[in-house]
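Produce the entire structure from the sequences given, and follow the hints as far as they go.
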Amino acid sequence: MSSWRTATADMLVPSTGRIARFGSAEQVEFPHGQRRTADSLVATLATRAGMLVMPEEERAATLDRIRAYLGSRPETAQGEFTLPMLTGVLRARRR
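Counting from 43, one number per residue, gives the positions in the sequence shown under my numbering.
If you're looking for bench data, these hints aren't it; they were derived computationally from the structure.
All residues carry an ideal CB built from backbone N, CA and C; glycine is no exception.
Careful: at least some of the hints might be erroneous.
Claimed, not checked - Simulated restraints, written as ranges between beta carbons of each label pair:
#1 I108 <-> P73: 21 to 31 Å
#2 D106 <-> R135: 47 to 57 Å
#3 M127 <-> D81: 17 to 27 Å
#4 L87 <-> G121: 14 to 24 Å
#5 S66 <-> D106: 16 to 26 Å
Right, here's the structure in full:
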């Protein structure tokens, strides 16, 4: 499994004996949220790559299950709710 942290690690601390191109990294996370409705969240999920490549029947069934779940939860069933988000930032200065 790869992530942006793994993909950038070799630039910060090279494993092959090369000289590091960047100095010490700073990492910060910023919690925030987006106002959503169940319908707007389902519409957004429908645009994700994993959904777009599903066969039509499977995609429709998956989105129906998500919509049903959101409709069954008091936090998301009626009107707007805040979808919690977390943005991670990694900053390193070039040497």
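Quick one: which hint numbers does this structure break? Sort them smallest to largest. When the structure is compared with the hints, only number 5 turns out to be violated.
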